[in-house]
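A.B. asks: Last residue of the sequence shown: number 1286 in the working numbering, and the count goes up by one each step with no gaps.
Worth flagging that the hints you see were computed from the coordinates, not collected in a lab. Built from N, CA and C at the ideal position, the CB exists for glycine as well. Just so you know, not all the hints are guaranteed correct.
What follows is a list of derived Cβ distance ranges for each label pair [as the list claims (entries may be wrong)]: (1) Gly1216 - Asp1108: 21 to 27 angstroms; (2) Thr1172 - Ser1229: 39 to 45 angstroms; (3) Phe1242 - Arg1146: 24 to 30 angstroms; (4) Ser1229 - Gly1129: 41 to 47 angstroms; (5) Asn1188 - Ala1286: 34 to 40 angstroms; (6) Pro1194 - Gly1129: 40 to 46 angstroms; (7) Arg1192 - Ala1286: 28 to 34 angstroms; (8) Ser1260 - Gly1123: 56 to 62 angstroms; (9) Asn1188 - Arg1215: 27 to 33 angstroms; (10) Thr1135 - Asn1188: 35 to 41 angstroms; (11) Val1257 - Ser1156: 32 to 38 angstroms; (12) Arg1215 - Ala1176: 22 to 28 angstroms.
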Amino acid sequence: LDRLSAIAIGNAFRELGFDPLVGRSFSTTSEAATLGVAARHKSLFNRLLSILAEEGTLAASNDTFTVSGALPKARAEETFDNATIRFPEADGELRLLARCSRALARVLRGEIDPLHLIFPNGSLAEARAIYEDSPFARTFNETIASVIGHVRKSVPPDALVRVLELGAGTGGTTRWVLTA
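Construct all of the structure, not just a fragment, from the sequences and the given hints.
C.D. replies: Written out as structure tokens, the structure is:
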């Protein structure tokens, strides 16, 4: 997922007109303005730059980045198809990443609402599958359910247990907790 994300960022930056000249330095603010990144997505843009720095494409120093290597590149559709074949258990994450990748440049410019990509047609189905069925979510949710089960066993049977869930967007974790 990390490698696919880096490829998606590279493709989006090329679409935005990013200058990949090795040795070129820029600030986050100036580059966002040059590429037409919407002000509301400056934090996202900064994180994408940091990911490219983690990949070795950029070198970071405070608010300045220097191009130190080529932008990650691959044929996105082919790469996602291969990943889906190799890692079918991550199908939900891969489908979401593929959909968001194709629109990343337009999201950064403020032309597309990212929530429509995460919840296509207002549906929670795909997001719920990720939060409930993915290997990461299953591990996380089983751990939370186990902790809640242990807490419940440590209090008297007639005691009221209150749980505050932060987020609660799809109910993915709630199902596991209620079962416990």
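A.B. asks: All hints are to be evaluated individually against the structure, with a verdict given for each.
C.D. replies: These are the hints, each one checked on the structure:
In this structure, Gly1216 and Asp1108 meet the distance hint of 21 to 27 angstroms, their C-beta atoms being roughly 26 angstroms apart. At roughly 42 angstroms, the beta-carbon separation of Thr1172 and Ser1229 lies within the given 39 to 45 angstroms, and the hint holds. A hinted range of 24 to 30 angstroms for the beta carbons of Phe1242 and Arg1146 is consistent with their spacing of about 28 angstroms. Between Ser1229 and Gly1129 the beta carbon distance is about 46 angstroms. The supplied range of 41 to 47 angstroms therefore holds.
Checking the proposed 34 to 40 angstroms range against Asn1188 and Ala1286 shows it holds: the Cβ atoms sit about 37 angstroms from each other. Hint check: Pro1194 to Gly1129, Cβ distance near 42 angstroms, so the stated range 40 to 46 angstroms holds. For the hinted restraint 28 to 34 angstroms between Arg1192 and Ala1286, the CB-CB distance of approximately 33 angstroms keeps it satisfied. Between Ser1260 and Gly1123 the beta carbons are some 59 angstroms apart, a value that agrees with the proposed interval 56 to 62 angstroms.
Checking the proposed 27 to 33 angstroms range against Asn1188 and Arg1215 shows it holds: the Cβ atoms sit about 29 angstroms from each other. At about 37 angstroms, the CB distance of Thr1135 to Asn1188 agrees with the hint of 35 to 41 angstroms. Between Val1257 and Ser1156, the C-beta spacing of about 37 angstroms keeps the proposed range 32 to 38 angstroms intact. The given range of 22 to 28 angstroms is respected by Arg1215 and Ala1176, whose C-beta atoms sit roughly 23 angstroms from each other.
The structure meets every hint from the earlier list without exception.
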